[in-house]
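Enquirer: Given next are the chains, with one letter for each unit.
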Amino acid sequence: MTDFRLQVQRFNPTTDEEPKMVEYSVPRREGMTVLDALLYARDYLDHSIAVRFSCRQASCGSCGMKINGRPRLACYTQVEELGDEKVVAQPMDNFEIIKDLVTDLESFFSKHREVMPYLIRSDSHEIDHPSGEYLMKPEELDKVLQFTYCIKCGLCTSSCPTVGTDSLFPGPQALAQGYRYLTDERDEGGKRRLEALDTAHGVWRCHFAGSCSAVCPKGVDPALGIQLLKRHVLGGKAPREEGAPVWRQDAAEAPAQK
Amino acid sequence: MRESRLMLVQYVTAVLAVFLVSIHLFMQGVLNTYDTAISFNNILSVYQNGLYATFLEALLVVTLVHGFDGVRVILHEWRQTAPWSRWVDIGTILAIVISVGYGTRTVILAVLG
Amino acid sequence: MLSSTSKGAERAKNKRGIRGWINPYHYNLERWAYMFQRVTGVAILLYLLGHLGDTSFFVGGPTGTGPSPSGWSFIGSIFENPFGHLILVLLVLVLFFHGMNGIRLILAEFGLILKKPGAIEYPYEAKSLGLGQKYLFWLGLTVAVIGAVWAFMIIFEGWL
Numbered sequence: 001m002t003d004f005r006l007q008v009q010r011f012n013p014t015t016d017e018e019p020k021m022v023e024y025s026v027p028r029r030e031g032m033t034v035l036d037a038l039l040y041a042r043d044y045l046d047h048s049i050a051v052r053f054s055c056r057q058a059s060c061g062s063c064g065m066k067i068n069g070r071p072r073l074a075c076y077t078q079v080e081e082l083g084d085e086k087v088v089a090q091p092m093d094n095f096e097i098i099k100d101l102v103t104d105l106e107s108f109f110s111k112h113r114e115v116m117p118y119l120i121r122s123d124s125h126e127i128d129h130p131s132g133e134y135l136m137k138p139e140e141l142d143k144v145l146q147f148t149y150c151i152k153c154g155l156c157t158s159s160c161p162t163v164g165t166d167s168l169f170p171g172p173q174a175l176a177q178g179y180r181y182l183t184d185e186r187d188e189g190g191k192r193r194l195e196a197l198d199t200a201h202g203v204w205r206c207h208f209a210g211s212c213s214a215v216c217p218k219g220v221d222p223a224l225g226i227q228l229l230k231r232h233v234l235g236g237k238a239p240r241e242e243g244a245p246v247w248r249q250d251a252a253e254a255p256a257q258k
Numbered sequence: 001m002r003e004s005r006l007m008l009v010q011y012v013t014a015v016l017a018v019f020l021v022s023i024h025l026f027m028q029g030v031l032n033t034y035d036t037a038i039s040f041n042n043i044l045s046v047y048q049n050g051l052y053a054t055f056l057e058a059l060l061v062v063t064l065v066h067g068f069d070g071v072r073v074i075l076h077e078w079r080q081t082a083p084w085s086r087w088v089d090i091g092t093i094l095a096i097v098i099s100v101g102y103g104t105r106t107v108i109l110a111v112l113g
Numbered sequence: 001m002l003s004s005t006s007k008g009a010e011r012a013k014n015k016r017g018i019r020g021w022i023n024p025y026h027y028n029l030e031r032w033a034y035m036f037q038r039v040t041g042v043a044i045l046l047y048l049l050g051h052l053g054d055t056s057f058f059v060g061g062p063t064g065t066g067p068s069p070s071g072w073s074f075i076g077s078i079f080e081n082p083f084g085h086l087i088l089v090l091l092v093l094v095l096f097f098h099g100m101n102g103i104r105l106i107l108a109e110f111g112l113i114l115k116k117p118g119a120i121e122y123p124y125e126a127k128s129l130g131l132g133q134k135y136l137f138w139l140g141l142t143v144a145v146i147g148a149v150w151a152f153m154i155i156f157e158g159w160l
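Residue numbers (the working numbering), protein chains in the order written: chain A, 1 to 258; chain B, 1 to 113; chain C, 1 to 160.
Just so you know, not all the hints are guaranteed correct.
[What the hints assert, rightly or not] Derived list of chain A stretches under chain C, where covered just means 3 residues or more per stretch with a C-beta under 8 Å from a C-beta of chain C:
hint : region
1    : 7 to 15
2    : 142 to 155
[Stated by the list, open to error] Residues of chain C placed beyond 12 Å of chain A at every Cβ, according to the derived structure:
hint : residue
3    : 10
4    : 21
5    : 32
6    : 43
7    : 48
8    : 55
9    : 61
10   : 62
11   : 66
12   : 69
13   : 78
14   : 82
15   : 86
16   : 108
17   : 112
18   : 150
These aren't lab readings, by the way, just hints derived from the structure by calculation. Yeah, the Cβ is synthetic: ideal placement off N, Cα and C, and Gly gets one too.
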């Protein structure tokens, strides 16, 4: 099998002013992913390449990077599917570079925290001393299911054109999770969530370029969540009031919802 | 709720603009031939029609508000420092007031004859 | 987080910047539509401001006091030529695209033409990027081109 060219962006911000592209010749192997190629280059050709990875099966979200111009997971991208003469690996856009292909995800996680990605309920005694589970009907789960598949890989935020310039914009991942919790039948924090999102740099700076959904490896489709969120923000009414009945474990059937 | 109010304005002016601009183009090129539509006497006579003058004024306001609000969004996304954000908002309002004012002056002077 | 004094600190921030929204290469159709919507919007606004200026010559320009045939023929001498007419045809092209794409965006941003969320299967076709609204984009582009051709035939009538 022939070798192919792997170009890796090398950049150490503490010693370099500008990144440079370094090329490696990697032997092709059937079923080889870009991560395989990078690890081959690191193991045999240049031990100083910095690359972050973990599960190698598209479930941890660690290996997000820009491959041939588009954000992808390295472990989930076959060299063959790129079809080009060369494979170009660069760190994800819009994330601060730590070294080479490794980026800093701290601002990404802090934006996620800002949308309060947990259930907010008013029955605080129950929260602290739970007597049982909160249940969901299958159709209620369907409303949020695909958004729960997010693995926080950051590809969507990297591809978003607004994130490129607007540092106050939460990004598609955080907004989609905001929608996920707003629509969750067990959540009562609607009003707080809507207020947090209805700002000059909140949900309205999304213009449905759709790149987030185009690059998401898990089918979360954040663009869908964000457009559905806009309706709620515009209306200003939370989907459920505080204290709305929730299906509890010991109830015979689910309470009637509005 | 404020930003969503502004976005509502953007959406409403968008839909109105589609109608009003279509009517304007229809009158300028389909109802009359283009050369007739832009002739001095034709314009003078349509301005004497109160409904048409009102229509032009509405077109002016709707399109300028929509356009400058759009540019406001682009500029807000570009930089987020406090002075920039404040001046973008002030500048947008000023731009709308000045351009609507100038266009309204044309309409009024034309109507007064 | 890096110290701001390290050599590559600015480049390390790695922000895509304005390039991010102007350059949609490698991305999906809707991203191209977003870029064109912005560019056509700014272009139309600039034309609109110019249009306010040139139509004011009907009343004699910034210093005028009322309907002025001389003012009007003055501005006509500048703009009523093939070049000016071509600008108008291009304007119709971008205007129709901006309007039709804008309608698509309004429908999509209120979820009216998007599929409902639910269970998903590999290969994970995004529900928001479905055929329905891709067709609306192409319809918008088609209407824009047809409109521009029609405008050309109307404006250049004497020349055809």
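Enquirer: Since residue 69/C was said not to touch the interface, does its Cβ keep a gap of more than 12 Å from each Cβ of chain A?
Expert: 45 Å, holds
Enquirer: Is the Cβ of residue 32/C farther than 12 Å from every Cβ of chain A?
Expert: Residue 32/C is in fact no farther than 12 Å from some Cβ atom of chain A, at 9 Å.
Enquirer: Is the claim that residue 150/C lies outside the interface with chain A correct, judged by CB distances over 12 Å?
Expert: Per Cβ check, residue 150/C is outside 12 Å of chain A; nearest 29 Å; holds.
Enquirer: Minimum Cβ separation between residue 48/C and chain A greater than 12 Å?
Expert: Label holds. Min Cβ-Cβ 21 Å, cutoff 12 Å.
Enquirer: Verify this label for me: residue 108/C is non-interface relative to chain A, using a Cβ-Cβ cutoff of 12 Å.
Expert: 6 Å, violated
Enquirer: Between the region 142 to 155 of chain A and chain C, are there enough contacts, at least three residues with CB-CB distance under 8 Å, for the coverage claim to hold?
Expert: Answer holds; 7 residues pass the 8 Å Cβ test.
Enquirer: Quick check for students: does the CB of residue 55/C sit more than 12 Å from each CB in chain A?
Expert: Non-interface label stands for residue 55/C: nearest chain A Cβ at 31 Å, farther than 12 Å.
Enquirer: Would you check whether the claim that residue 61/C is not at the interface survives, using Cβ distances to chain A and the 12 Å cut-off?
Expert: 38 Å, holds
Enquirer: Against chain A, does residue 78/C keep a CB gap of more than 12 Å to every residue?
Expert: 36 Å, holds
Enquirer: Per the stated criterion, does the least C-beta distance between residue 82/C and chain A lie above 12 Å, as a non-interface residue requires?
Expert: Non-interface label stands for residue 82/C: nearest chain A Cβ at 36 Å, farther than 12 Å.
Enquirer: Does residue 62/C sit more than 12 Å from chain A, CB to CB?
Expert: Holds, because the least Cβ-Cβ distance between residue 62/C and chain A comes to about 35 Å, which exceeds 12 Å.
Enquirer: Holds or violated: is the Cβ of residue 21/C farther than 12 Å from all Cβ atoms of chain A?
Expert: The claim is violated: residue 21/C sits with its nearest Cβ about 4 Å from chain A, within 12 Å.
In summary, the numbered hints that this structure violates are 3, 4, 5, 16, 17.
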